[in-house]
Amino acid sequence: MGLSQGKALIIGEPGLGKTTSVEYVGTLLHRIPLGTIWRAEVSGHPEQTEEKIIGRPDLGKLNLGEEFVIWSHFTLLPIKIVDEINRLPETKQSMILNGVDRGNWEYLNDAVINEEYCLFATANYQDRGTNTIIAPLMDRFDVMVESRHPGANLAGLLGTNGNPETLLRNEALEADFQAVLSERIPYQERLKKLGTLSDQFGEYLSTQLHIHSLSFEERQLIYEQIGRIPFDVDFEAFLRMVIAEFSFCHHYGQKRSGEVCGDGCHFTGYLCGAVKNCISNRFPKSARNLSRTLAWLLGDETVGLQHLEAVLPFTLAHRIVWKDQNIAESEEEYRNDPVEIHLAKKAVQQIMRRYREQSHRVKQALSAAYSISEGEATDPVEGDHPLFHIILKDLGREAP
Amino acid sequence: MNRRNPFSAFKVITATHDARSRFDHVERNYPQVVDELLMKFSRLDQDTVQRLHRFLDQPMYNIRESNFNCIDELPEILHEPMEHARRLYESSCHLTRDIQYTTDDIREFCTLTGLSGSAASEQTGPLGIFTAALVNTCSEPYFEFNCRGHQSKLHFMGFGLESGKHMVVQGNLGHFTGAALNGGELKINGEVDCLCAAGMIKGRIKIVSEKPSTPAQKRQRWFYGIPEEILEIVR
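Chains U and H, in that order, are what the protein sequence lines are.
Going by my numbering, 57 is the number at position 57 of the first sequence; the sequence numbering is gapless.
Going by my numbering, 577 is the number at position 177 of the second sequence; the sequence numbering is gapless.
Check before you lean on any hint, since a few could be wrong.
List of simulated lysine-lysine pairs, BS3-like, C-alpha gap at most 25 Å [unchecked claim]: (1) K276/U to K323/U; (2) K192/U to K255/U; (3) K606/H to K587/H; (4) K323/U to K346/U; (5) K411/H to K285/U; (6) K393/U to K606/H.
Quick caveat, the hints were computed from the structure, so don't treat them as lab data.
Whenever a hint applies, use it, and build me the whole structure from the sequences.
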């Protein structure tokens, strides 16, 4: 997730390592001492304010009539952790929408735009102190994953080797980081200074702990390599099939949250009949980005179906609003995942099955659509899946 | 302005693309007729498919009392799924009436629809019915199908099998095996689940079960109420 510069929502029971694991990942991926990561972490609670999360005015300068923003460490560091995000009231969740989405953090008339960042948010399961995560914020996460219990055997080993937190801390460097983060200097200049300190911490990790971490240049190279991996035809066709099932509505033109399709529709058996909302345009971006990163991680030359199939349940789980009946049916099923991820996995299996049956025809239809769009006199390929109907619509040959 | 073609990723669909696919069995060259069968199968009324699936998806122990031992008269609870199955069967016959195919094509169709892997549960009922319709309307009288080792069990296999048709299945089948059998002969070298021979009119069903070797298999046999290793139902 960190390598794809994405945003992950990690759900799970309290104490199963959601926050700890992202803190460690952040420390190693961006070469930032654990103590500095802790200082930059945002805790979700009802009294949280924009001034604590993003930045605050320099009151001394404000008294002199000068507007100057002191940015929070959370805003400045490339690794961002929001702990227990669902304890933020709905109204306050809106404050971080833009930052979560694009890395643009605005306060007063000033802004910080993060060129490199990844965001991890943790959320406990619903209890009396939690709120619903608002749909626009939910949609901005690339993936939702569960931090699971490791099992009795692995959990039984915890605590046997001392406290790893002390290993990832370096108080001297943490003080240096603190000093740079508190300086009143331009963002780019600050980044350079932070980069120098990160390299020093990387050196510490390498010499003291024998852990190789990634330098800024190495990370940039990885981003570049990831961005160059091409998608194969099956990836493209299957992704369109998934989008079609979650956005198509024969009755109303497209899925809309307020419009409920009734029984008797020819497409009842497809997933458009099982969901309430329309999949957003952020979904294909997340699916592509993560599939590409997975392909890079596995050393594959192209991004294919297997990469997409692996990431899809986690990119879909938090974005789909299922009809109550579907949730009720699946809640009682034997399963290994939270119901949202379980339903998403089942959905992906269903679409994959349909793709298995129709892949040849789907690709033919898309290829014919290309030719028709280029002005060739070819007939479009017809079929039953919503994607065929969407293709016809795009070609201006929609069936009445 | 130069507008980008939204289908440009599909400019060239070559054999290499297909060969790279993980679905080797799907992507290899198969007769056009199988492609047509797949197309027709996808045109089955999805509403009925879903309704049938809802019934098949419920725990079968609720209706264990209506197992094949006492299925001479269909209990009311089975009227609805049998009606859905009948509708899908008629629809399958209608959709495939103009296609000329052989039993090899039917086998190819079964493989392509993912039975060798893990077929989606809502498709296992319609697939059995569609296959039964293909066998019934095929010019060849004998159809043998090996589904040993397959993860998904077909329901409704042999549905409405007519006189003069002979079907032999190697492997285990799901619920409603031989339902509405109409004079045909069905032999299963394996296990069947609930409601075998439901609504059977006439014909012969022979089930040659393998001896249960594990406690789980014995328990399953008890659960589904299969009493003997060889069972023959003749009407």
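Hints versus structure:
This hinted pair checks out: K276/U and K323/U have alpha carbons roughly 6 Å apart, not beyond 25 Å. The hinted pair formed by K192/U and K255/U fails the criterion: a straight-line CA distance of about 47 Å is larger than 25 Å. Distance hint between K606/H and K587/H is fulfilled; the C-alpha atoms sit about 5 Å from each other, no more than 25 Å. The suggested pairing of K323/U with K346/U holds, with an alpha-carbon distance near 15 Å, which does not exceed 25 Å.
Between K411/H and K285/U the alpha-carbon distance is near 22 Å, which keeps this suggested pair within the 25 Å criterion. Between K393/U and K606/H, the direct Cα distance comes to roughly 52 Å. Violation of the 25 Å bound is thereby established for this hinted pair.
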